[in-house]
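2 protein chains.
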Amino acid sequence: MQRTLKPPPPRGATLSDVAAAAGVSTMTASRVMNGRGGASEETKARVLAAATTLSYRPNSFARGLKGDRSFTVGIVVPDIGNPFFPEIIKGAELAARARGFTLLTCNVVEDPEREAEVLATLLDRRVDGVIVCSARLEDKRLQEAIEPHRAAVLINRPMSRRIAGTIEIDFRTGLAAATRLLIDRGRRRFAYIGGLATSHSGRMRRAGIIDALTEHGLELALEEATTPNLEGGVDAARRLLERGTGIDTVICYNDLVAIGAMSVIHERGFVIPRDIAVLGCDDILPARLVNPPLSTMHVAKQDLGDAAMRMLIDRIEGRNLQQSITIEPELIERGTT
Amino acid sequence: MQRTLKPPPPRGATLSDVAAAAGVSTMTASRVMNGRGGASEETKARVLAAATTLSYRPNSFARGLKGDRSFTVGIVVPDIGNPFFPEIIKGAELAARARGFTLLTCNVVEDPEREAEVLATLLDRRVDGVIVCSARLEDKRLQEAIEPHRAAVLINRPMSRRIAGTIEIDFRTGLAAATRLLIDRGRRRFAYIGGLATSHSGRMRRAGIIDALTEHGLELALEEATTPNLEGGVDAARRLLERGTGIDTVICYNDLVAIGAMSVIHERGFVIPRDIAVLGCDDILPARLVNPPLSTMHVAKQDLGDAAMRMLIDRIEGRNLQQSITIEPELIERGTT
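For the record, the sequence lines run as chains A and B.
Position 328, counted from 1, in the first sequence is what UniProt numbering calls 328; the numbers after and before it change by one each time, with no gaps.
Position 205, counted from 1, in the second sequence is what UniProt numbering calls 205; the numbers after and before it change by one each time, with no gaps.
Isolated chain A, as found in the complex (with noise of 0.2 Å):
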């Protein structure tokens, strides 16, 4: 039989002809073969075209898609206690397993130490990517902690997007527009309960509340920071209720926190909300369940699960990498407004 003497060769072209193609490093060529980041989309996409031209494919590239992936991921959680976590792992977890991945939860109890380890123990358990939900960390060692896994999505967090895909609930949005509808109304004097120092969403929604009110002239009349649980609004509502005199509205970090704070003014003989509003953020179950039942932002939990997890894989399979998604919480207004 007479032997074939043009490509491509009968074994097909290696990885270093498919860089020189290119006219990248074989490095860089292999870590768009194998779905890594780090590579901009123009040189992704022209490592893509010299290996289609040149028939890359067959092994090294069926190796580099599987071969080394673990087809697990992990979602890092601040309070597994808090139901609106739950609620996101759900969405996530059925958008991992039709794509053939299993999810793996951690919950870091409202702790930036404990985020940084379970980060490397990931790491060291070899999942092919992480979603982090409200990151306590600072930026620093966040990015640190993310940068040497495979992919990342960060939940309500701002991070580059070569490092991680982001997406954030505006509560700045959303609390802005609640509070112009609540001073419409007549309210005038406000008192946030915020959450952690180190929740970056706090701060937005703060900001939100503070545009609002700025707006109109109007000041923050009172202020608490607590964790963000039920005994978290208890402790701060009676702080609140003991330095303060003629508020009439309370807007609380999370439904957990505003669930404890009525029970509080409740118990101070207060009605709800007649002398005192009370607005929330989140909607979890609890929230129609209380009495009044509690008005509060709206997110489609599960909906921001499946995205995020989504998105996570997409990057671990390299597609989308530039990725960035907003989500705007609905204000649902029950009993407490």
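Just so you know, not all the hints are guaranteed correct.
Ranges of calculated distance between the beta carbons of each label pair, as one might list FRET restraints [claimed, not checked]: (1) B:H266 x A:E328: 27 to 37 Å; (2) A:L94 x B:R334: 29 to 39 Å; (3) B:S70 x A:E147: 19 to 29 Å; (4) B:R334 x A:G269: 15 to 25 Å; (5) A:F71 x B:R99: 25 to 35 Å; (6) A:R126 x B:E113: 21 to 31 Å; (7) B:S16 x A:F71: 37 to 47 Å; (8) B:T245 x A:A207: 49 to 59 Å; (9) B:S70 x A:S160: 22 to 32 Å; (10) A:G269 x B:H266: 20 to 30 Å.
Which residues of chain B face chain A? A few of them, derived with a C-beta cut under 8 Å, are [to be verified]: (11) E87; (12) E117; (13) T121.
Over 12 Å on every C-beta distance to chain B, these chain A residues come out as not near it, computed from the model [said to hold, decoys possible]: (14) L15; (15) G23; (16) R189.
Quick caveat, the hints were computed from the structure, so don't treat them as lab data.
Here the structure is a predicted model, which means the values were calculated and not measured.
Ideal placement from N, C-alpha and C gives every residue a C-beta, glycine not left out.
With the hints as your guide, set chain B onto chain A.
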């Protein structure tokens, strides 16, 4: 220098020496020294005694105990959206952390197949042990999924103690006592809204109710099975009230089902508890928040998670292999009974 001719040899005894002295196979000696399960307490004591006598310790012992560990453990829950499970996870997480372990959580969305998959994934990720809450897999497959793990603890599911430690919440005794109390108060026509047929714990709850009814010459008037969440409670209560007239008590598989059922009972114009008493199980946060507040069987969930994790780590470290704990749930009467 003169050579020492007597034991212990300069570099310590080998594992074979220990096995021979203890009268067991090298394999068994290895399992005991590596803290794996599978040996009786008596064998274990004999092997450890031989190891002590022969000064078998330094390198291999330390390596056996530490070197092949990931200091990562897994917990598998059927529905992370039910606040019962996050509370258990929180307790387990704190206990794990206190002993230097990181906890990975897997949610299986009430799917037995998924349960088998995540147990395999956790093995693949080389966790040192697993806790499985309310396993839905049938006995044989559950045993197969758990046996390859170095250590396991099952919550609410019996299993050979060789394969897993168990923590049982004794809902049978608890619900029998609660049912007796309701009978003493004049309730006669009981309905039970149970969980999935795959739930061992659900069968135990039902058995407790039947025990008490039978003692009083009564029978269960109506019965429905449902998915153990809010929507399941709504569906089952609708079916129940369409089928049945004159029931005066509804006992529910868990609090979420009870809260769903309460909304339907209200909707149909019945007064709780005057017309129909409602009893839940678990005592999750929303139970306190509904109107009227839900009577339920209280379980100390964080303590349960803590106990399960301590039992698991003991098993990983080769201690207390026979452990089994029973927890008594406690009737908390609020407004619905």
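Verification of the supplied hints:
1. Range check, B:H266 to A:E328: Cβ separation about 33 Å, and the 27 to 37 Å hint holds.
2. One distance hint, 29 to 39 Å for the beta-carbon pair A:L94 and B:R334, holds here, with the actual separation near 34 Å.
3. The supplied range of 19 to 29 Å is met by B:S70 and A:E147, whose beta-carbon atoms lie about 22 Å from each other.
4. In this structure, B:R334 and A:G269 meet the distance hint of 15 to 25 Å, their C-beta atoms being roughly 23 Å apart.
5. Our hint of 25 to 35 Å for A:F71 and B:R99 holds, since their Cβ atoms are close to 29 Å apart.
6. For the pair A:R126 and B:E113, the supplied restraint of 21 to 31 Å holds, since their beta-carbon distance comes to about 24 Å.
7. For B:S16 paired with A:F71, a C-beta distance near 41 Å keeps the hint of 37 to 47 Å intact.
8. Checked against the hint of 49 to 59 Å, the pair B:T245 and A:A207 passes, with Cβ atoms roughly 57 Å apart.
9. Taking 22 to 32 Å as the suggested C-beta distance range, the pair B:S70 and A:S160 conforms, at roughly 31 Å.
10. Between A:G269 and B:H266, the C-beta spacing of about 27 Å keeps the proposed range 20 to 30 Å intact.
11. Because the beta carbon of B:E87 sits about 6 Å from the nearest beta carbon in chain A, less than 8 Å, this interface hint is met.
12. The interface hint given for B:E117 holds, since its Cβ lies 7 Å from the closest Cβ of chain A, which is under the 8 Å cut-off.
13. Satisfaction of the interface hint for B:T121 is found here, the shortest Cβ-Cβ separation to chain A being roughly 4 Å, below the 8 Å cut-off.
14. With a least CB separation of 28 Å from chain B, A:L15 remains clear of the 12 Å interface cut-off, as annotated.
15. Consistency note on A:G23: stated as away from chain B, and its beta-carbon is indeed over 12 Å from all of that chain's, at 39 Å minimum.
16. Distance check on A:R189: its Cβ is at least 27 Å (rounded) from any Cβ of chain B, clearing the 12 Å threshold; non-interface status holds.
Checked against the numbered hints given earlier, this structure breaks none of them.
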